[in-house]
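This is what each chain is made of:
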Amino acid sequence: MNGILAVLWREYLYFKKRIWSITGSSLVAPLLYLTAFGWGLGRAVNMAGVAYIDFIVPGILALSTMNASFNAVSTPLSIARLYDKTLEEYLVSPITLYSFAAGKILAGALRGMYVGLLLLAVAFVLGANCKLSGLFLLLAFLNCLVFASLGYLVALKIQSHPDMTRFNSFVITPMIFLCGTFFAPEHTPAPLQLLIKALPLTPASQGLRSLALGQELSWYAPALQLLYLVVFIVWGLRASHKVE
Amino acid sequence: MIILDRVTKLHGDKVAVDHLSLHIKPGEFFGLLGPNGAGKTTTLRMITALTPPSVGQITINGHPVSRNNTVFKGQIGLVPQHVNLEPELTVEENLRLHGMLYNMKRDEINRRLAELLEFTELTAERHALANTLSGGMKRKVLIARALMHNPSLLLLDEPTVGLDVFSRRRVWDLIKSLNTRGITILLTTHYLEEAEHLCSRIGLLKKGRLIMTGSVEQLRNMVGPVVVEVFARDRTRLYFFRDQAGALDFASGLTEEFTIRQTSLEDVFVKMTGERVENH
Numbered sequence: 001m002n003g004i005l006a007v008l009w010r011e012y013l014y015f016k017k018r019i020w021s022i023t024g025s026s027l028v029a030p031l032l033y034l035t036a037f038g039w040g041l042g043r044a045v046n047m048a049g050v051a052y053i054d055f056i057v058p059g060i061l062a063l064s065t066m067n068a069s070f071n072a073v074s075t076p077l078s079i080a081r082l083y084d085k086t087l088e089e090y091l092v093s094p095i096t097l098y099s100f101a102a103g104k105i106l107a108g109a110l111r112g113m114y115v116g117l118l119l120l121a122v123a124f125v126l127g128a129n130c131k132l133s134g135l136f137l138l139l140a141f142l143n144c145l146v147f148a149s150l151g152y153l154v155a156l157k158i159q160s161h162p163d164m165t166r167f168n169s170f171v172i173t174p175m176i177f178l179c180g181t182f183f184a185p186e187h188t189p190a191p192l193q194l195l196i197k198a199l200p201l202t203p204a205s206q207g208l209r210s211l212a213l214g215q216e217l218s219w220y221a222p223a224l225q226l227l228y229l230v231v232f233i234v235w236g237l238r239a240s241h242k243v244e
Numbered sequence: 001m002i003i004l005d006r007v008t009k010l011h012g013d014k015v016a017v018d019h020l021s022l023h024i025k026p027g028e029f030f031g032l033l034g035p036n037g038a039g040k041t042t043t044l045r046m047i048t049a050l051t052p053p054s055v056g057q058i059t060i061n062g063h064p065v066s067r068n069n070t071v072f073k074g075q076i077g078l079v080p081q082h083v084n085l086e087p088e089l090t091v092e093e094n095l096r097l098h099g100m101l102y103n104m105k106r107d108e109i110n111r112r113l114a115e116l117l118e119f120t121e122l123t124a125e126r127h128a129l130a131n132t133l134s135g136g137m138k139r140k141v142l143i144a145r146a147l148m149h150n151p152s153l154l155l156l157d158e159p160t161v162g163l164d165v166f167s168r169r170r171v172w173d174l175i176k177s178l179n180t181r182g183i184t185i186l187l188t189t190h191y192l193e194e195a196e197h198l199c200s201r202i203g204l205l206k207k208g209r210l211i212m213t214g215s216v217e218q219l220r221n222m223v224g225p226v227v228v229e230v231f232a233r234d235r236t237r238l239y240f241f242r243d244q245a246g247a248l249d250f251a252s253g254l255t256e257e258f259t260i261r262q263t264s265l266e267d268v269f270v271k272m273t274g275e276r277v278e279n280h
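From first to last, the protein sequence lines are chains A and B. So in full-length UniProt numbering, the last one in the first sequence is 244, and the numbering has no gaps at all. So in full-length UniProt numbering, the last one in the second sequence is 280, and the numbering has no gaps at all.
For the record, the hints were derived by calculation from the structure and aren't laboratory data. Among the clues, some could well be false.
Claimed, not checked - Straight-line distance between alpha carbons at most 35 Å, and here's what the computed DSBU-like set of lysine-lysine pairs gives:
1. Lys157/A with Lys206/B
2. Lys176/B with Lys138/B
3. Lys242/A with Lys16/A
4. Lys242/A with Lys105/B
5. Lys242/A with Lys206/B
6. Lys14/B with Lys17/A
7. Lys131/A with Lys176/B
8. Lys16/A with Lys25/B
9. Lys105/B with Lys271/B
10. Lys242/A with Lys271/B
11. Lys105/B with Lys207/B
12. Lys157/A with Lys207/B
13. Lys85/A with Lys176/B
14. Lys85/A with Lys16/A
15. Lys85/A with Lys207/B
16. Lys14/B with Lys157/A
17. Lys85/A with Lys14/B
18. Lys138/B with Lys14/B
19. Lys242/A with Lys157/A
20. Lys242/A with Lys197/A
21. Lys105/B with Lys138/B
22. Lys242/A with Lys25/B
23. Lys85/A with Lys25/B
24. Lys14/B with Lys25/B
25. Lys16/A with Lys138/B
26. Lys242/A with Lys138/B
27. Lys105/B with Lys176/B
28. Lys197/A with Lys17/A
29. Lys157/A with Lys85/A
30. Lys157/A with Lys138/B
31. Lys207/B with Lys197/A
32. Lys207/B with Lys271/B
33. Lys85/A with Lys206/B
34. Lys25/B with Lys17/A
35. Lys85/A with Lys242/A
36. Lys25/B with Lys138/B
37. Lys105/B with Lys16/A
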């Protein structure tokens, strides 16, 4: 437990020192999406009786929390491992690797929630409608945990910074556009639909959208996200034991 | 006590450390000496469980070294070769974080922090960001950090590399005073004068193999305490003798330029390894 607190304290210090740059850089892309696709292009669009802005807010929340949580862990941890070597300070200390992983993933997930809540506040102020509930926030936090743990895994597996850029280009960026953020996956051809539904961001977009629009939450969303969370954490811990 | 029992480390086909056996007693100041690539850093990385040995076993105070063994980790302090301070945290925050990682109570952290900042003469830099410090100061912070949790064993990997002569001397003084307080020290260096100045016992590593161990005096005596350095045909040759008389007798027949002097640690190294240790 002390190990987790130490890691969280370190993350809190960095967050405090960089709060404005973190806030600004995390909000630029989602606000652009909201403005361009929501209030701009989407003003005249209606998705099955729902205003387009209300349709995309949950999707943009899912992608923003994904980006913020993933980036909060992946880039700093890969730098700590490959360049600064600050990771060694943790590896030689008597904290367990489980504490280290838990601290990093939790800190990344909290960063994701911070960005998500800011985004929701902006969307509400600008007139978007979204039904908030405890379950909605819980599902958003689960999404943050999934992508913070993916960031942890990727940071320990890559061999150089360009590898991280490639991962972002080939995995994270396609998910932003494919996983039901801007359109319903049901509108895509059947084989592509299967692939999209299997990606880890899709259950978050769809689950959050269902809750935001007052619809019933399908078990598929949290179940698939939990499955991804377990896989990423177990794989990440295995990678921790092997990292040198 | 540190015990390395026939420890070998392979990087692919390359042997980085080759059947290294070593006993370092409590309170000892042991220096591992060797040129770049001799296996010094790899040895320290194995002792700190940063990398596992391919073959062999390491124990520290009876505890087997492994990544998951948190018991032995609390007993060692590491000063790495690479400055791995959190760059955007202050000196105080770096030390405090270390204390938290070693499960120290807040009062204990505060007390050690004040003691170590004074000991390393960093009190004025307490609130400075680590990445704004000079090279010498960063080294001192690394030493202070490694000492935060009161380790019984301090591992220093090339602690003065890249420092100017004044900073190097200051770091030497710090390290020496730690040993006089009873801390066991294992130092790796390729600076021969550093090993000569600080260490009570030295091990010479060449291509991962420990080729000899002993005090500086013992190592000199093993090859001969007096050396005749002869410069001829663009090359310096060394001839070792048991005493001054033997050296003089040999030199009297020389026609080339020569010097008679006491054998240095570098001479020992050249004799034993066939390599001249480069200082950077």
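Q. Given the proposed pairing of Lys197/A with Lys17/A, does the C-alpha separation stay at or below 35 Å?
A. Between Lys197/A and Lys17/A the Cα gap is close to 38 Å, so the pair fails against 35 Å, i.e. violated.
Q) Lys242/A and Lys25/B: Cα distance at most 35 Å? A) The hint holds at about 31 Å.
**Q.** 35 Å Cα cutoff - pair Lys131/A, Lys176/B
**A.** Status violated; Cα separation ~67 Å.
Q) If you draw a straight line from the CA of Lys157/A to the CA of Lys207/B, is it 35 Å or shorter? A) Satisfied, since the Cα-Cα distance of roughly 30 Å is no more than 35 Å.
Q.
Can you confirm whether the C-alpha distance between Lys85/A and Lys25/B stays at or below 35 Å?
A. holds, 30 Å
Q: Verify the proposed pairing of Lys85/A with Lys242/A, using a straight-line Cα cut of 35 Å.
A: Measuring from Cα to Cα gives roughly 16 Å; hence the hint holds.
Q: With a cut-off of 35 Å on the C-alpha distance, tell me whether Lys207/B and Lys197/A pass.
A: Violated. Lys207/B to Lys197/A sits at ~55 Å, over the 35 Å cutoff.
Q. Would the pair Lys242/A and Lys138/B pass a check requiring their Cα atoms to be no farther apart than 35 Å?
A. holds, 29 Å
Q: Take the C-alpha atoms of Lys242/A and Lys157/A, compute the straight-line distance between them, and say whether it is at most 35 Å.
A: It holds: about 10 Å lies between the C-alpha atoms, which stays within 35 Å.
Q. Does the structure keep Lys157/A and Lys138/B at a Cα separation of 35 Å or less?
A. holds, 29 Å
Q. Are Lys157/A and Lys85/A close enough, with their CA atoms no more than 35 Å apart?
A. holds, 15 Å
Q. Is it true that the CA of Lys105/B sits at most 35 Å from the CA of Lys138/B?
A. Roughly 25 Å between the alpha carbons, so the hint for Lys105/B and Lys138/B holds.
In this structure, the earlier hints numbered 6, 7, 8, 9, 10, 11, 28, 31 and 34 are contradicted, and the remaining ones agree with it.
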